[in-house]
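From just these sequences and the hints, can you work out the full model?
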Amino acid sequence: MSRQQILTLVAMASINFSSMICYSILGPFFPNEAKKKGVSQAMIGLIFGIYALCTLVGSLILGKYIVQIGAKFMIVAGLFVSSGSTVLFGFLDQVSDGTIFIMLCFITRCVNAIGFSAAVTSSFAVSAKVFPDNIATVLGFMEIFTGLGLILGPPLGGWLYQSFGYEIPFVFTGFLLFATVPLNLWILPTYSIWHTPNAVPSQNSFLRLCTRIKILLICFVVFTLSSGIGFLDATLSIFAIEKLNLSAGSVGLLMIGLSLPYGAASPVFGVISDKYPSVRKWMMVVGGMATAVSFCFLGPLPVFHIRSQLWLTVLMLIVVGFSLCMTCIPTFAEMIACAHENGFEEGLSTLGLVSGLFSAVWSAGMFFGPTVGGYITQALNFEWSAGVQGALAFLASIFIIDMTNLSSSRGEKSPLLPKTDHLTVDVS
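The numbering used here puts the sequence shown at residues 110 to 537.
These aren't lab readings, by the way, just hints derived from the structure by calculation. Hints should not be assumed to be uniformly reliable.
Below are the DSSO-like pairs computed for lysine-lysine, each with C-alpha atoms no more than 27 Å apart in a straight line [unchecked claim]:
1) 352 to 144
2) 390 to 323
3) 384 to 323
4) 384 to 146
5) 145 to 323
Beta-carbon label-pair distances, calculated as ranges [what the hints assert, rightly or not]:
6) 295 to 493: 47 to 57 Å
7) 504 to 112: 21 to 31 Å
8) 377 to 489: 32 to 42 Å
9) 380 to 203: 16 to 26 Å
10) 421 to 291: 40 to 50 Å
11) 351 to 386: 44 to 54 Å
12) 449 to 205: 52 to 62 Å
Cβ atoms here follow ideal geometry from the backbone N, Cα and C, with glycine treated the same way.
Right, here's the structure in full:
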């Protein structure tokens, strides 16, 4: 491994780790804190979900113009914006009016999301550019630090909240994220392609990329994954506090059951995905089925007539974390392979499109999960809402099975839009 590749890995690891800590600290205490100000469960879900919605928009725009803007600038500027808005979010508890509190939550979360989308979209594209033959392995390595951030974030946030109050968790993690700005300025290598004077965005568009059925099905898989994670972020803490009688600090420890197996299994599934590309589809199928079953027993569903118990919740969270990892790791590499198979050039512009689409679909799920999940939880209960997430994962697995069977019987499909087509609609 060259020095350039090592520095890139260090930079990407720092981005994933610090960003995920900032993202995950809210789970153990923010929903309950918001309820004290009269915020409903559905509105709490929207506060979580608006982050993903803004990330979706930011990912599509920034992914399209990554060559023109510059990947390194996008990473550094995104980290700076995200860290500043994280610190500001920590002072919102001083707002007494519930309506103003909700509005300021939306504003700071939106700004944070734009910064996050810039850093993450660019980091995916850079990783695929530097490691073109080991995309899934590198993604698995990066997900270790994603998992570590998700592991440390909830208990750290819960402990800081119990010990020092609402502000300190956000101030601490915001400055931690800010520390990565000079770090990445120093260690992130500069590639000449990022600074080409005549660099222009790719002539290919997100619309043409999305006209491939295989891409659409993988996007739906990614959507169900992030929807499940977003749903748990917004609803699990209140369920654990009210049904399992846990404290905010204990809820943070409970969430480790989800993130620890996810981070631990990531490098293993990454190596398997790169070494045996033919098993990627079946990794998505098996992982999706396991996710569906575990969500149904997380509550568990009332039709099973099983009482909610701590040991069962922990066990199902472990299965969810493991199965989400199995499903997620092959998706990005499979999307890039599909794009190249259908005439997209092998370069940073295509990687920007794919990473932008991946981040956008992930964000769409992160918006759907908390908002719709929060509404169903408020209208019915957590148990039925978790069952809906399980049904989505099951449906995604069925779609992948159908795609695999159809590909085997008919061979590779021709593109829905030929390479020679010139689209007048520019989706950015």
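Verification of the supplied hints:
1. 352 to 144: holds, 16 Å
2. 390 to 323: holds, 11 Å
3. 384 to 323: Given that 27 Å is the threshold and the Cα spacing comes to 21 Å, the pair holds.
4. 384 to 146: violated, 52 Å
5. 145 to 323: violated, 46 Å
6. 295 to 493: 47 to 57 Å: holds, 50 Å
7. 504 to 112: 21 to 31 Å: Since the Cβ atoms of residue 504 and residue 112 sit about 46 Å apart, the hinted range of 21 to 31 Å is violated.
8. 377 to 489: 32 to 42 Å: holds, 37 Å
9. 380 to 203: 16 to 26 Å: Because 48 Å falls outside the window, the suggested range is violated.
10. 421 to 291: 40 to 50 Å: holds, 46 Å
11. 351 to 386: 44 to 54 Å: Given about 45 Å between the Cβ atoms, the range holds.
12. 449 to 205: 52 to 62 Å: holds, 55 Å
Violated hints, in rising order: 4, 5, 7 and 9; the structure is consistent with all others.
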